[in-house]
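A.B. asks: Model the full structure from these sequences, guided by the hints.
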Amino acid sequence: MKITIQDIAPGEEEEIIVRCRELDEALLRMIHGLKTRRGKFTVADNDKIRQIDAGDIYYFEAVDNKVFLYLEKDVFETRYKLYEIEDEYANTDFFRASKSVIINLAKVKQFAPDFGGRFEAQMRNGERLIISRQYVPALKKRLGM
Amino acid sequence: MTECIKKRVVELLLTFCMVTTGSVFVCAVYNKIFWSGDTFLDADILWQLLAMAFVCSLGNFIHPYREISRRRELFDRGLHYVYINVVVLGCGYGFGWMDIENIFMLAAMTLGILVVFVSVSFVIRRLHERETENLNRMLKEYQQAAQRTAKQ
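Protein sequences appear in the order of chains A and B.
Numbered according to our numbering, the first sequence spans residues 186 to 330.
Numbered according to our numbering, the second sequence spans residues 9 to 160.
Hint data in this document are derived by calculation from the structure and do not stem from the laboratory.
Hints are supplied without guarantee of correctness; some may be wrong.
[Stated by the list, open to error] Derived lysine-lysine pairs resembling DSS-like cross-links, with alpha carbons at most 25 Å apart:
hint: 1; chain 1: B; residue 1: Lys148; chain 2: A; residue 2: Lys258
hint: 2; chain 1: B; residue 1: Lys148; chain 2: A; residue 2: Lys251
hint: 3; chain 1: B; residue 1: Lys40; chain 2: A; residue 2: Lys326
hint: 4; chain 1: A; residue 1: Lys325; chain 2: A; residue 2: Lys284
hint: 5; chain 1: A; residue 1: Lys325; chain 2: B; residue 2: Lys14
[Unchecked claim] Away from chain B, derived, C-beta distances all over 10 Å, residues of chain A:
hint: 6; residue: Asp230
hint: 7; residue: Asp232
hint: 8; residue: Ala239
hint: 9; residue: Lys251
For glycine and all other residues, C-beta sits at the position ideal for the given N, C-alpha and C.
C.D. replies: So, in structure tokens, the structure goes:
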């Protein structure tokens, strides 16, 4: 595969164009890896502005029309809506687990059974999140079941 | 939507099969205890059991497919149990399986409902646990593949 790297002018937006006959699994994984690693969220941390790598986020949760992103220990409010995050990070590790939560599959330690066909996602930081039954088919599809 | 309907139909059929099996067992035991020697079972009872099992299975629709709280889920489960009791005892009375004035028959029927309900719930739980094991296996493979890609 030929790889071309072009210099761009300062201020110009960085762009990756994939030219291929078909998007095979390896390419999709590469794109998803790029999206996950390069995605950054700008949040207010007291009086400072902080950039958070998407790969460090455990999950997003919507509470009272506000969206919060959760790291291993910290929580920040973000100005994005859940559906915007869902669209932007489609085909990455982020997965819509319920009406109000998007989880990072890379940060899930394991799943556990819950009531009524639901599952519980046990995160690597010890938190537990519910995966609603209507999102279970999508989860299975995402994991290749 | 199609996925939802498909899943609900599969759940309905699975529940119907399990409830029918449980009902046949309970019917056999019940008949041995209360009607032994007195009657020869009419073939209609087979249709009656199937009809009862089907109406019981419709109780699955008490649980909505949409997202609900854990408290609502527990409430729905209680309501489901009450619904099944009403259906089975109603069928017992309507089809003449029990003498309404015989308290032991009523108690045995109620116990039978509890046994079948618990057994079906247990089987569903086991299936859910097996599904969870598969999900965990796939999650591990997914995360390992993502790590391999990251290293490349």
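A.B. asks: Does each hint fit the structure? Answer for all of them.
C.D. replies: Quick rundown of the hints versus the structure:
no.: 1; hint: B/Lys148 <-> A/Lys258; result: 23 Å, holds
no.: 2; hint: B/Lys148 <-> A/Lys251; result: 32 Å, violated
no.: 3; hint: B/Lys40 <-> A/Lys326; result: 49 Å, violated
no.: 4; hint: A/Lys325 <-> A/Lys284; result: 18 Å, holds
no.: 5; hint: A/Lys325 <-> B/Lys14; result: 15 Å, holds
no.: 6; hint: Asp230; result: 27 Å, holds
no.: 7; hint: Asp232; result: 34 Å, holds
no.: 8; hint: Ala239; result: 13 Å, holds
no.: 9; hint: Lys251; result: 19 Å, holds
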